[in-house]
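Starting from the known structure of chain A, fit chain B onto it as the hints suggest.
Order-wise, the sequence lines are chains A and B. Mapped onto this note's numbering, the consecutive letters of the first sequence carry residue numbers 617 to 1090. Mapped onto this note's numbering, the consecutive letters of the second sequence carry residue numbers 617 to 1090.
Note that these hints are calculated values from the structure, not bench results. Do not rely on the hints blindly, as some may be mistaken.
Which residues of chain B face chain A? A partial, calculated answer using Cβ under 8 Å [as the list claims (entries may be wrong)]:
id, residue
1, Arg618
2, Pro947
3, Cys949
4, Ala1042
5, Ala1082
Predicted model, so just to flag it, every value in this text is computed and none were measured. Note that beta-carbon positions come from the ideal geometry of N, C-alpha and C, so glycine has one too.
2 protein chains.
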Amino acid sequence: MRAMRPATGEAFGAEFPRATRADLEAMADTAFDAVDFLADAPGERIAGFLEDYARRLEGDRAEIARLAHEETALPLVPRLSEVEFNRTCLQMREAARCLRDESWREVAHDAQAGLRSTLVPLGGAVVCIGPSNFPLAFNGISGGDFCAAIAARNPVIAKAHPGHPNTTARLFTHACAARDQAGLPAAAVQCFFDCAPEDGEALLAHAGVAALGFTGSRAAGMRLKAACDALGKPASLEMSSVNPVFVASGAAAARAEAIADAWVASVLMGAGQFCTKPGVLLVSGEQAARRIAARAEELMRAAAPAILLSESVRSHLAAAVAELRDAGVEPVCGGSACGPGFRFEPTLCVVSAVQARAVRSVVLREAFGPLGVIVAVEGDGQLVDFARALDGQLASTVVSDDADAAVRATLFGVLRFKAGRLLDEAMPTGVAVHPAMVHGGPMPATNDARFTAVGLPGAAKRFSKALCLDRVRA
Amino acid sequence: MRAMRPATGEAFGAEFPRATRADLEAMADTAFDAVDFLADAPGERIAGFLEDYARRLEGDRAEIARLAHEETALPLVPRLSEVEFNRTCLQMREAARCLRDESWREVAHDAQAGLRSTLVPLGGAVVCIGPSNFPLAFNGISGGDFCAAIAARNPVIAKAHPGHPNTTARLFTHACAARDQAGLPAAAVQCFFDCAPEDGEALLAHAGVAALGFTGSRAAGMRLKAACDALGKPASLEMSSVNPVFVASGAAAARAEAIADAWVASVLMGAGQFCTKPGVLLVSGEQAARRIAARAEELMRAAAPAILLSESVRSHLAAAVAELRDAGVEPVCGGSACGPGFRFEPTLCVVSAVQARAVRSVVLREAFGPLGVIVAVEGDGQLVDFARALDGQLASTVVSDDADAAVRATLFGVLRFKAGRLLDEAMPTGVAVHPAMVHGGPMPATNDARFTAVGLPGAAKRFSKALCLDRVRA
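The following block holds chain A by itself, in its conformation from the complex (with noise of 0.2 Å):
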């Protein structure tokens, strides 16, 4: 495997080795050799390993961001070089204060009853898997879940994403030395490249691996919670969100052109590839709708096209487009590949609720990349069918004036079963790293909604086991 430039398609660097399942072996087997020292470690021990990974990450700065800029095509300024770095700093950060305070255990003592219970390590490993578009953030190898995963005390083994490898190898190489640094065993910290499927499951089923941390593709994801449903281990899978903004009919009528601008500004950002792209915008009132697909046509084509992560993206955006055409829902702009490399133009699709309604999981479904459709509905009672017909979102925004009181605190209602985080007015884009954030939803968001994946403690619970210890002597 190599990796390819997404501004121009060409393949660049070192050749990175497929694991094989004897490599992954080797792996699982050795997990054991750190899960009773990560167990009972001093946690000030295990923060400080994460404290001085995220130091040496900061004193090579510009070259991690570099690589990864030149691996994915996300933005270098401000993107990569500081906000997702720094949002990878502060998650090993708060990683190292939950290793501290041990807030993540959910201590109850009764001396008088004999019991204490708490939340512990699992036991093995965790195997985390990150996706293409956070090449740091949401890394195996130093992203959420390799952060929650520690602050719980498992060792990790971490797949790198085939998109960006040398970044991936230089974090690891930061990761290994704070490591050893540390004086953690090598097995507490282990990464691989790639490997083949089957391998892939052959090592979630091995005994040294107790649970999977996964983000990515609904399809891969679903085939990740198969293994891992059947093994019964316990999986973190983020997999495949829509993130729709309703927009009731006054906020809709008042101010078409900001929500346009608000609405395109948010599905284009980082290439149209975030879990939190609202990648549907339901407005309340056809000439309100108009008015908005006017303007946001107009954004859109005057936006240059974007540069996709991977040739992956861009077929899959591809193929949705072409599925939305077969349906009868042609782009009112955009709609095609283009070079050099891996872009595609800023396309925008215009679609009535009854065509919606008739073609719904096209319509509502996730897709990559700077694609928008705007669903133009009769009216605000409209809004609400919609909402109770979702599928499990990681997201959704209401917008809305103060004449929508009342379908606001509607669609609040039936939204807060539907969605881990609701948005009012604002844009589901950004997601801030906060013990209080929910990242997460029911399926197909994730495959558990009673967890965040963002967000400490609670994203360490995760990757945790229950245990009580009755009338155990000291």
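For chain B alone, coordinates are given in the frame of chain A:
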């Protein structure tokens, strides 16, 4: 479906109807009527329902306990009329406390960040399916899952166990009276008595059903797990556990007879039909193991045949004994079904470590009823080897003296990842209703070791969904 008297094997009482698929669909359709009501009602109102329900049960204690005794043959006094009855009412009052103090919510607020996160109900009904062995405290209409689902403000659709339909019908009558008195919607609490398995799966797939709480056999649990996994709906499944007791060499040599007494009492309690029955006793030291086995045999021979809950429990036990025989493990006493009704002889098997390793899946397998297996191992190191090879367990006990401190620490270090609850000396049969309890464990004990089925607020979190309000106006 009619009830059976286990003591005589006769059917008695009313015929209970099998719910059709249309009946079940109607229940799930109507569950939506209660979702918003329960999510938004003052906690005091739902708490009042639970407390009134508990009072109504207490007012009918004698008849409920009598019916339960007739249907299960479990001891009337103190087991049903006091211990289990009081536990049932306590769980309702604990759930009422949760509804008042909202302690299950995991609230996190940050006014500056504009984030408010909390656990919320699921947006659909929880189907509660209870087991045969606790007609009150784990009944789908009155037990732990029922209380936890209501504590988290979800409607309940309960399925009666075929082993005690008359008891369940009487409980349901009180539940309905309390529900109506509190002014809750009828759909807040529903119950059915039987269904075809495929109709049960259709019920789980219905949009009005959000989750499953199940306590029962491993085979039924794994079928339901596969259904819920495919649907992406949370399930809390308590299935199967051997709850092994590890006896270190020092303790075994010093107090063989007392250990045998405690173990046999725990094995025979409730006719050996506790999910926390210590089915296997692993004894370090062959001489001590012989002494323990001799004493256990004496106690088992002196005990009367146990009346099992049903012909099904008895035939499963007979099959387990037959498999032991096929594997070369001949009971040293008992081993046979007898009459009248569904009786079975107290049965003891004694095996060497070599045998136990050779037929591990037969020896280390849950079987309800008065069956206990002693594994004689050569030394403390072999205890640790057996602990490392264990599947997930609800509970496990280490019996040790001061001289055994090193192996005790090693065993607890291994077992903390294998069992939800660890006990020092005490037999695992009793499970306190307490916020610091963990009644759970890795597969196959349950499907998710992160949760407990006993003890609020923890148990309520199983039936919840995480929600973040991101800059949502008040």
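Given hint Pro947 (chain B) near chain A, where the shortest CB pair must fall under 8 Å:
violated, 31 Å
Less than 8 Å between beta-carbons is the criterion; does Arg618 (chain B) satisfy it with respect to chain A?
violated, 36 Å
Checking hints one by one. Is Cys949 (chain B) an interface residue toward chain A, by the C-beta closer than 8 Å rule?
violated, 30 Å
Quick check on Ala1042 (chain B) please, does its C-beta sit within 8 Å of some C-beta on chain A?
At 5 Å from the nearest chain A Cβ, Ala1042 (chain B) passes the 8 Å test, so the hint holds.
Taking the closest Cβ pair, is Ala1082 (chain B) under 8 Å from chain A?
holds, 5 Å
Violated hints, listed in ascending order, are 1, 2 and 3; each of the other numbered hints is respected by the structure.
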